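Take the sequence shown: its letters are residues 1105 to 1195, numbered as in the working numbering.
Mixed in with the good hints, there may be bad ones.
Pairwise CB distance ranges (calculated) [stated by the list, open to error]:
id: 1; residue 1: Ala-1183; residue 2: Thr-1143; range: 39 to 47 Å
id: 2; residue 1: Ala-1158; residue 2: Gln-1116; range: 33 to 41 Å
id: 3; residue 1: Arg-1182; residue 2: Leu-1155; range: 37 to 45 Å
id: 4; residue 1: Val-1132; residue 2: Ala-1112; range: 32 to 40 Å
id: 5; residue 1: Arg-1180; residue 2: Arg-1117; range: 49 to 57 Å
id: 6; residue 1: Ala-1164; residue 2: Thr-1143; range: 27 to 35 Å
id: 7; residue 1: Arg-1180; residue 2: Leu-1138; range: 29 to 37 Å
id: 8; residue 1: Glu-1172; residue 2: Arg-1148; range: 32 to 40 Å
id: 9; residue 1: Glu-1175; residue 2: Tyr-1147; range: 50 to 58 Å
id: 10; residue 1: Ser-1108; residue 2: Arg-1140; range: 45 to 53 Å
Rather than coming from a laboratory, the hints here were simulated on the basis of the structure.
Small disclaimer: the values here were computed from a predicted structure and weren't measured.
C-beta atoms are modelled at their ideal positions from N, C-alpha and C, and glycine is treated no differently.
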Amino acid sequence: MNRSHLRARLRQRLTRLARALTRPRQPVSPPDELVRIETDPAYRALFFAQLDAALDERHAAAHTAVVEEIEAAAERLRALIRSPADHERAA
1105 MNRSHLRARL RQRLTRLARA LTRPRQPVSP PDELVRIETD PAYRALFFAQ
1155 LDAALDERHA AAHTAVVEEI EAAAERLRAL IRSPADHERA A
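Turn these sequences into a full structure, and let the hints guide you.
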């Protein structure tokens, strides 16, 4: 086989693999999910690890947003302090 044929086959296989990995999973009803969490220790560990990761991401995003708001407020205060003449005109 030549290289172009190998590349085409590899591309085809990778495309199939990508489709298989991104295919939506069958939805699981909440009661079934709870039963599985309660009865399967490995699944429970995976579930709680994913839950912890999601909570950490949400906390980090909220923290970042608060820091950005504080920095923006500090910059506005610095701008007021730097230009007292502009502040007097505005008053």
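Quick rundown of the hints versus the structure:
{"no.": "1", "hint": "Ala-1183 with Thr-1143: 39 to 47 Å", "in the structure": "60 Å, violated"}
{"no.": "2", "hint": "Ala-1158 with Gln-1116: 33 to 41 Å", "in the structure": "35 Å, holds"}
{"no.": "3", "hint": "Arg-1182 with Leu-1155: 37 to 45 Å", "in the structure": "41 Å, holds"}
{"no.": "4", "hint": "Val-1132 with Ala-1112: 32 to 40 Å", "in the structure": "38 Å, holds"}
{"no.": "5", "hint": "Arg-1180 with Arg-1117: 49 to 57 Å", "in the structure": "56 Å, holds"}
{"no.": "6", "hint": "Ala-1164 with Thr-1143: 27 to 35 Å", "in the structure": "32 Å, holds"}
{"no.": "7", "hint": "Arg-1180 with Leu-1138: 29 to 37 Å", "in the structure": "49 Å, violated"}
{"no.": "8", "hint": "Glu-1172 with Arg-1148: 32 to 40 Å", "in the structure": "36 Å, holds"}
{"no.": "9", "hint": "Glu-1175 with Tyr-1147: 50 to 58 Å", "in the structure": "42 Å, violated"}
{"no.": "10", "hint": "Ser-1108 with Arg-1140: 45 to 53 Å", "in the structure": "47 Å, holds"}
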